[in-house]
Amino acid sequence: MERRLATILAADVVGYSRLMEADEQGTLSALREARIVIDKLIEDHNGRIFNSAGDSLVAEFRSPVQGMSCAVKMQSHFSELRSGTRTEPALQLRVGVNLGDVSTDGNNLLGTGVNIAARLEQIADPGGICLSQTVYEHLGGVLNLHFVDMGEQNLKNIVRQVHTWSWRPEGQLASESEHELPNESFAKPCIAVLPFNNMSGDPEQEYFSDGLTEDIITALAKHRWLDVVARNTTFSYKNASPNIREVGQELGAEYVLEGSVRRAGQRVRVTGQLIDAGTGAHIWADRYDRSLEDIFDLQDEMTQNIVGRIEPEIGLAIRQKIVKKAHPEVRAWDAYHLGLAKFYQFTPEANKEAQSLLQQARDLDPDFAEAHGMWAYAMILGMVYWDTEPDPYLMDEALAATRQAVALDSQNALLYMLMGRVQLARREYRAALAENEKAIELNPTLAPAYCALGDSLAYEGRYEEASEHFQKSVEMSPNHPQLWAFLTYGALNFLFAHQFERALDWAERAADIPNCQYWALSHAVVALSYLDRKDEARKVVDRLLRERPDFSLKFAQKRLFYLKREDQLKLYLEGLEAAGIQD
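Quick note: the sequence shown uses UniProt numbering, first residue 1, plus one each step.
FYI, nobody ran anything at the bench for these hints, they're computed from the structure.
One should not assume that every hint holds.
With a straight-line cut-off of 27 Å between C-alpha atoms, the simulated DSS-like cross-links for lysine-lysine are [said to hold, decoys possible]:
#1 K222 <-> K321
#2 K188 <-> K438
#3 K156 <-> K352
#4 K554 <-> K564
#5 K156 <-> K222
#6 K570 <-> K558
#7 K188 <-> K352
#8 K188 <-> K156
#9 K534 <-> K558
#10 K539 <-> K558
#11 K554 <-> K352
#12 K539 <-> K554
#13 K188 <-> K238
#14 K352 <-> K558
#15 K238 <-> K222
#16 K73 <-> K40
#17 K321 <-> K352
#18 K554 <-> K570
#19 K188 <-> K222
#20 K321 <-> K188
#21 K438 <-> K564
#22 K570 <-> K534
Taking CB as the label site, the calculated pair distances span [claimed, not checked]:
#23 H146 <-> P348: 24 to 34 Å
#24 Q582 <-> G280: 49 to 59 Å
#25 V159 <-> E43: 32 to 42 Å
#26 D532 <-> H282: 25 to 35 Å
#27 N479 <-> T218: 16 to 26 Å
#28 E301 <-> A240: 56 to 66 Å
#29 Y393 <-> E301: 40 to 50 Å
#30 H282 <-> Q205: 20 to 30 Å
#31 A578 <-> G461: 21 to 31 Å
#32 H282 <-> D567: 48 to 58 Å
#33 R533 <-> Q582: 17 to 27 Å
#34 D297 <-> E460: 23 to 33 Å
Backbone N, C-alpha and C fix where the C-beta goes; we use that ideal spot for every residue, glycine too.
Based on the provided sequences and hints, a complete structural model is requested.
Below, the structure written as structure tokens:
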């Protein structure tokens, strides 16, 4: 790759997802008109667009003066449009401009110079421009513009601090809401999937390793809280052995997934490693040996296995980084992940803290869809497991929050799953069934959605179908922080199906997991009662009462508020009573 200096301009439409939800056709029309203007301005300033995706673009210019002049004219044009009368949505841009070192890859440009421009765009005010010190110095007063010195900035995934300046159209003051957090994509962790190496010694097998890589990229992109580097960019590293830290710097990626495929006859071995690009540390690694029968079925299975395992690992790594900060920034993203860290501790105190932190994230950024959804889920789990009273008013609030989340991001599978969870608590099983099916349709690698779908089916009495989905959730993500819940809900399904041995097995597996909640023990008690293993049941009752001293028949009936089938509730309570649980 050739290396050279280039002036890079990165631009992005502010609140694009929200505009699309409010008026899709109007927004697309406004975007098409905007691109005509933007493309002409870039051409007039001897620039070239080398990367474009929907509402964003990246361009290079021959000099900082040309790049900055173009950026100013762009923002001035849109400022005038916003002050006029239009029927289409008024678009607003954020722009970042940097002069830095880049690498050429055909018509594409890569490297830290490009990444800094993209990070500057993310911290720019809506309608404004952020530029680096190198650009500012090269302008030398030529453009006669007023800039504000923002000082040294810590930009995401950029090792050194960058001295930054900002500019806004004359007379345009930042509103209070514009000075809040940048849009939610600001802090999304970024992952690059390098082409899996074909280790078979047969070039004709490239189609399988390339196809698997492409499928993994596509599947990861369906996890909307992740930024995934495009396939065309990562495939520039094909047949190379790059330094992972350098890859992270060049692509702006915090995490890199690499792997290999080896085929011998009708056997295939796939290995994968998830690496922290900043430290070079391995976060996850695994190996899969399979028989090659249907190539497409195998690719689908491998994709689900790999993505189902690494997505929770990235989430855990992000939460650990935020928790370890000496002084966490008061941003919606930090509040959200601190809330998740508390959520996954699964204690009464931590659940309350999680609800508070997730509410803080909602307040800091009302457009943060996942914050609305997870706040609702934390509230519901507080009712099922801990001390939040099962209150119809709170359930209405939780449902409203998940509906708001889906309205903000209608392509996010997680949000449909969370809405389904709230609907289950409200005993709206068929609605929950539809939402969880939608979640899986949007993202077939979202393991909790299979568990939630299993619940929906179980409460409807469709136990065999439910069993398949519980099994899939456990197999897909065996290290998920809610694995104990997958097993616990599965155990309840087997109890209702009168499969008491399987119920006991799943309940015991759940109870062995740290942070598992007392319901797994309760399920085991019920199973042992119906298996007529009274001595064992008494021992588990003792353990149950140590963990939850106030557990009683009345307590169980109150916390099983989400069951509406009398036969299911009767079976459960009679099993507890037979084991000695009293009112």
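Need the list of violated hint numbers for this structure, in ascending order. 3, 23, 26 and 28
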